[in-house]
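If you read the sequences in order, they're chains A and B. FYI, in the working numbering the residues of the first sequence are 1 to 293. FYI, in the working numbering the residues of the second sequence are 1 to 195.
Because the hints were derived from the structure by calculation, they are not lab data. Quantities reported herein were computed from a predicted structural model and do not represent experimental measurements.
Covered stretches of chain B (chain A as the covering partner; in silico rule of three or more C-beta atoms under 8 angstroms from a C-beta of chain A):
#, stretch
1, 6-16
2, 40-50
Below, in silico cross-link-like pairs of lysine to any residue (SDA-like), each with a Cα-Cα straight-line distance of 20 angstroms or less:
#, chain 1, residue 1, chain 2, residue 2
3, B, Lys24, B, Leu179
4, A, Lys172, A, Pro191
5, A, Lys3, B, Pro154
6, A, Lys200, B, Ile17
7, A, Lys121, B, Phe109
8, B, Lys2, B, Leu23
9, A, Lys31, B, Asn93
10, A, Lys31, B, Ser90
11, A, Lys31, B, Lys57
12, B, Lys24, B, Gly191
13, A, Lys31, B, Glu58
14, A, Lys200, A, Thr178
For glycine and all other residues, C-beta sits at the position ideal for the given N, C-alpha and C.
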Amino acid sequence: MDKGTWTVKAGLAQMLKGGVIMDVVTPEQAKVAEEAGACAVMALERIPADIRAAGGVARVADPSLILAIMEAVSIPVMAKCRIGHFVEAQMLEALGVDFIDESEVLTPADESHHIWKHDFKLPFVCGCRDLGEALRRIAEGAAMIRTKGEAGTGNIVEAVRHMRAVMDEIRKIGSMTTDEFVAEAKALGAPLELVIEVHKAGRLPVVNFAAGGIATPADAALMMQLGAEGVFVGSGIFKSSDPEVRARAIVKATTHYRNPEIIAEVSKGLGLAMPGLDIKTIPTEELLAPRGW
Amino acid sequence: MKRIGVLALQGDFVEHIALLRRLKVEALSVRLPRELDGLDGLIIPGGESTTIGRLIKEYDLMAPVRGLAREGFPIMGTCAGMILLARRISDINVEPLGAMDIDVRRNAFGRQVDSFETDLEMPVIGEPPFHCVFIRAPFIEMVGDGVEVLARLPDGTGVAARQGNMLALSFHPELTDDLRLHEYFLRIVPGDRER
Numbered sequence: 001m002d003k004g005t006w007t008v009k010a011g012l013a014q015m016l017k018g019g020v021i022m023d024v025v026t027p028e029q030a031k032v033a034e035e036a037g038a039c040a041v042m043a044l045e046r047i048p049a050d051i052r053a054a055g056g057v058a059r060v061a062d063p064s065l066i067l068a069i070m071e072a073v074s075i076p077v078m079a080k081c082r083i084g085h086f087v088e089a090q091m092l093e094a095l096g097v098d099f100i101d102e103s104e105v106l107t108p109a110d111e112s113h114h115i116w117k118h119d120f121k122l123p124f125v126c127g128c129r130d131l132g133e134a135l136r137r138i139a140e141g142a143a144m145i146r147t148k149g150e151a152g153t154g155n156i157v158e159a160v161r162h163m164r165a166v167m168d169e170i171r172k173i174g175s176m177t178t179d180e181f182v183a184e185a186k187a188l189g190a191p192l193e194l195v196i197e198v199h200k201a202g203r204l205p206v207v208n209f210a211a212g213g214i215a216t217p218a219d220a221a222l223m224m225q226l227g228a229e230g231v232f233v234g235s236g237i238f239k240s241s242d243p244e245v246r247a248r249a250i251v252k253a254t255t256h257y258r259n260p261e262i263i264a265e266v267s268k269g270l271g272l273a274m275p276g277l278d279i280k281t282i283p284t285e286e287l288l289a290p291r292g293w
Numbered sequence: 001m002k003r004i005g006v007l008a009l010q011g012d013f014v015e016h017i018a019l020l021r022r023l024k025v026e027a028l029s030v031r032l033p034r035e036l037d038g039l040d041g042l043i044i045p046g047g048e049s050t051t052i053g054r055l056i057k058e059y060d061l062m063a064p065v066r067g068l069a070r071e072g073f074p075i076m077g078t079c080a081g082m083i084l085l086a087r088r089i090s091d092i093n094v095e096p097l098g099a100m101d102i103d104v105r106r107n108a109f110g111r112q113v114d115s116f117e118t119d120l121e122m123p124v125i126g127e128p129p130f131h132c133v134f135i136r137a138p139f140i141e142m143v144g145d146g147v148e149v150l151a152r153l154p155d156g157t158g159v160a161a162r163q164g165n166m167l168a169l170s171f172h173p174e175l176t177d178d179l180r181l182h183e184y185f186l187r188i189v190p191g192d193r194e195r
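Turn these sequences into a full structure, and let the hints guide you.
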């Protein structure tokens, strides 16, 4: 019996597809998410909108909070560590969470190096803004990718930008001839083998979700139609006026993402979405997506 | 051509559809009750059983799928699909379809750190052993009369079962290149809509 293999790591990401992963900061919120049909929860001390508002250094969550959330629900529990902070990741593995997010939402611990994720038995998900970044993370051992978007804004514009960038580059590589692969790998800053894999499969070698700014059922369906295989919703649910109803609606819109009648139906009477931020009003040094490379 | 539906509410339904197409079978995704019409068989994929179970209820698929199961319609469930086919499950978060006379424990091996892969003998498909991928997998705690256990772990734990035209697997043949269990299921399915 082999544990912690690539197949079981990438395989858990495959089981999450078509689903919604929700940020939660208490066991009660985790239960609301599970009851609403979340396929996993992300255990955090503060949701991204509050991290953004609070400033300062954001670190891994208190283990007692993560354990309480693991106790509260039977669906997979993810938790975030800082970029490059492999000891926070070791801690999360010791706690026995199901998935680790090496996340730009927390303050990076290393500005040059991401974690060498092949050393872990648990799967990692990492953010990306384009295909090169996605393939670099996969080379380091990420078993799942999410486009970064701009967390804690309730604004979908960056998530769309990043998903389009990834999908456009995949289509471009798909139509390339063999003599173009090396130059493309150089331009992307990505391993040649992974560029060839993308060419052959016409997709990323691992599951790709969308994150960072999803606030409505229509936002979730938009990301699915653009090529996401599932969505992360952070602040969008528990910063809205009626989290239970909104959570259920986003789950349904993610399943029925090609069915406008259902998306319109579930969008009725949801109450207020989170207020949202115009990206242009955020000072450049406070943007989260440029963290990591 | 046989026409197989794959329940596409959440989970790895795309992998099942791709595998069925390699077997030259018409494979369709099922999200709403009307999409069950005209099928010869149904696959309930891997995924999160609480999510799939909730969406089955919300979109009124519970009664029609139960009805099909009672009529002897061929259904295969993998992992979450096995949980949903069960008569009884170990926790209250999911309401199963109750189609097969098996008791199933969810997340029976533990959390993700305990997910594993291993080769298992399966007499119904012959040699070589099947490479089985278990991800936060369930296992069978008890089987009723008329249920045949098709595969066991070395300690005797049941991880695959057949009852009539229904097939339940703890693991994920759709994550491998081995087509034999899908072929086995397709042999259960009557040819060209004779149903």
